[in-house]
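If you want the building blocks of each chain, they are given just below.
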Amino acid sequence: MKTSDTSTAPPVFELKGSVLTVMVLHVRETNPELLYPQLEKKIGPARSFFANAPLVIDLKMVAEDEQSALDLQYLAGFLRGLGLVPVGVRGHVAAIADRALATGLGLLAAAPKTEKSVASPEEAPPQAVAEKQPAEEHTADAQPPEPPQPARAATMVIAHPVRSGQQVVAPEGDLVILSSVNAGAEVIAAGNIHIYGALRGRAMAGVHGDVSARVFSLQCNPELVAVAGEYVVNDLLDRAVLNQSVIVTHGTGGLRFEVLGDFRPHG
Amino acid sequence: MSKVVVVTSGKGGVGKTTTSAAFAAALAVRGYKTVVIDFDVGLRNLDLVMGCERRVVYDLLNVIHGEGALNQALIKDKRVGNLYILPASQTRDKDALSNEGVGKVIEALRQSFEYIVCDSPAGIEKGAMSAMYFADEALVVTNPEISSVRDSDRIIGMLASKTQRAEQDSDPVNVHLVVTRYDPVRVERGDMLSADDVCEILAIPFLGVVPESKLVLAASNSGIPVTLAEDNDASEAYFDMVDRFLGEDVPYRFMDVQKKGFFSRFFGS
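So the sequences go chain by chain: P and C.
Mapping to the working numbering: the first sequence position 150 is 150, numbers consecutive.
When you read off a place in the second sequence, starting at 1, and then add 1000, the result is the number in the working numbering.
Any given hint could be a false lead.
[What the hints assert, rightly or not] Calculated lysine to aspartate or glutamate pairs in the EDC-like style (CA-CA distance at most 20 Å, straight line):
(1) C:Lys1162 <-> P:Glu186
(2) C:Lys1126 <-> C:Asp1136
(3) C:Lys1214 <-> C:Glu1230
(4) C:Lys1104 <-> C:Glu1137
(5) C:Lys1214 <-> C:Asp1183
(6) C:Lys1011 <-> C:Asp1197
(7) P:Lys42 <-> C:Asp1169
(8) P:Lys41 <-> C:Asp1169
(9) P:Lys60 <-> P:Asp71
[To be verified] Partial pick of chain P residues on the chain C-facing surface, computed with a CB cut under 7 Å:
(10) Pro161
(11) Arg163
(12) Ser164
(13) Gly165
(14) Gln166
(15) Asn182
(16) Ala183
(17) Gly184
Derived by calculation from the structure, the hints in this document are not laboratory data.
Nothing here was measured: the structure is a model prediction, and the numbers come from that model.
All residues carry an ideal CB built from backbone N, CA and C; glycine is no exception.
Could you put together the complete structure from these sequences and hints?
If you want it as structure tokens, here you go:
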């Protein structure tokens, strides 16, 4: 960063410090066989999103000897190949400062503690790099989602109707359906199930026994609804909750239905 | 640029073949070179509805197995110049259909036709799967009753996961809803689902309703696609749908109970 203003003659430029938001690549592992394919896989598909973005390489998490072994020139070249513009390194050991400068990278002070991760606000990817989680999982026929991240189980979001014969399973976290669950369909989650539409099929929340799980639905007319093993079939539903907006919880002696109101999709 | 349109429903007897014939004939009348293929191997009907059953020499499976050339199997409609029929085999079963074989036939048809309408058999087995596999567009034919709606729902799910477009991760198949055998009087009485109900459950773009009409059966029995038969409501409804399908903005008709006019109240009709 530029900090001083030394000009005394009529100024033809200004030199000022400025606080910028810049993307930081936190390298955890320098093994080229892991690093480069993962970079390619994560950034390659979003190349246009990242195009020409300045990037700082942070090596704080890399051990000293690994840093010395890292081919900075190759890494910088590889990132340029992905459309990024590496501008500097930080968290580096003194021994590689010269090599960084020779590669055309500036030297920055180590990061303050409070920094937020740019592209993945909630999940720490296992090996490397800024990562964008896909916002939506298309799991038409019961494909399990990607393995859960250590910090907290990801919420699975489905943006299309779940249709007769389809099954959507969120084996670790919550499941959010931005549409209806039709008769003959099945939605299953370890956590809560939110349905922003009609529930006409089956919904099973808390399948691993989480009694605090809930089922939310704008229009409740399920074939079967279950929380942590307690279930009710449509026939045994209180008629008062039918087609209402409802929260289903696991209570003592069975499921508890709380009517929130009446929802009409078409006015 | 040619388009493959599958006409499908899951449930049998809802009007897939009638719709295939009417839709293909209407596309041809609108000036598009169109072929309609019968995928109901073993239970072929399309040739009857199109009135060309006495001119079948080779069929779809003959072409797939190289026993006849494609242009030998294509039957030219006698009424509309740019309409052709590719009949199914009656003596084989649906296991004889392979995606590779069907793919080759479709690819060859794409060279010379603008619309390739595939009349799917009922069910969710091999015949229905191979009819929908290469689809760019789909007409989901539904009757206004719950079992048909549920089967359609199942088929829409499969169109989103079991087609070539789904497997290759390209743009999804454009799905359109066609509600057939619609009777506004019975809807008003409450013994038939309304078009709104069906649309709400299936949540796909709505192409229109075909009113219940005695003429549909009469036309089928005499081997005339309903859109080529004399003026009638069902024919107009199909033409409206074809125009909507082609991107025109046509107001929906035949969805409300017709108020009886002054004269018909006296003379009945």
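Residue hint Arg163 (chain P), partner chain C, criterion CB-CB below 7 Å: holds (4 Å)
Hint status (Cβ of Ser164 (chain P) to nearest Cβ of chain C, threshold 7 Å): holds (4 Å)
Closest C-beta approach of Ala183 (chain P) to chain C relative to 7 Å, hint status: holds (6 Å)
Restraint check for Lys1162 (chain C) with Glu186 (chain P), where alpha carbons must lie at most 20 Å apart: With a Cα-Cα distance of about 19 Å, the restraint between Lys1162 (chain C) and Glu186 (chain P) holds, given a limit of 20 Å.
Cut-off 7 Å, beta-carbon criterion: hint that Gln166 (chain P) touches chain C: holds (5 Å)
Hint consistency between Lys1214 (chain C) and Glu1230 (chain C) [alpha-carbon to alpha-carbon, up to 20 Å]: holds (13 Å)
Holds or violated: Lys1214 (chain C) to Asp1183 (chain C), with C-alpha atoms at most 20 Å apart: holds (12 Å)
Holds or violated: Lys1126 (chain C) to Asp1136 (chain C), with C-alpha atoms at most 20 Å apart: holds (19 Å)
Holds or violated: Lys42 (chain P) to Asp1169 (chain C), with C-alpha atoms at most 20 Å apart: holds (18 Å)
20 Å Cα cutoff - pair Lys41 (chain P), Asp1169 (chain C): holds (17 Å)
Chain C contact restraint on Gly165 (chain P) - CB to CB distance below 7 Å: With a closest approach of 4 Å, the Gly165 (chain P) hint holds.
Pro161 (chain P) as an interface hint toward chain C, with CB separation required under 7 Å: Because about 5 Å separates Pro161 (chain P) from the closest Cβ in chain C, which is inside the 7 Å limit, the hint holds.
In this structure, every one of the numbered hints holds.
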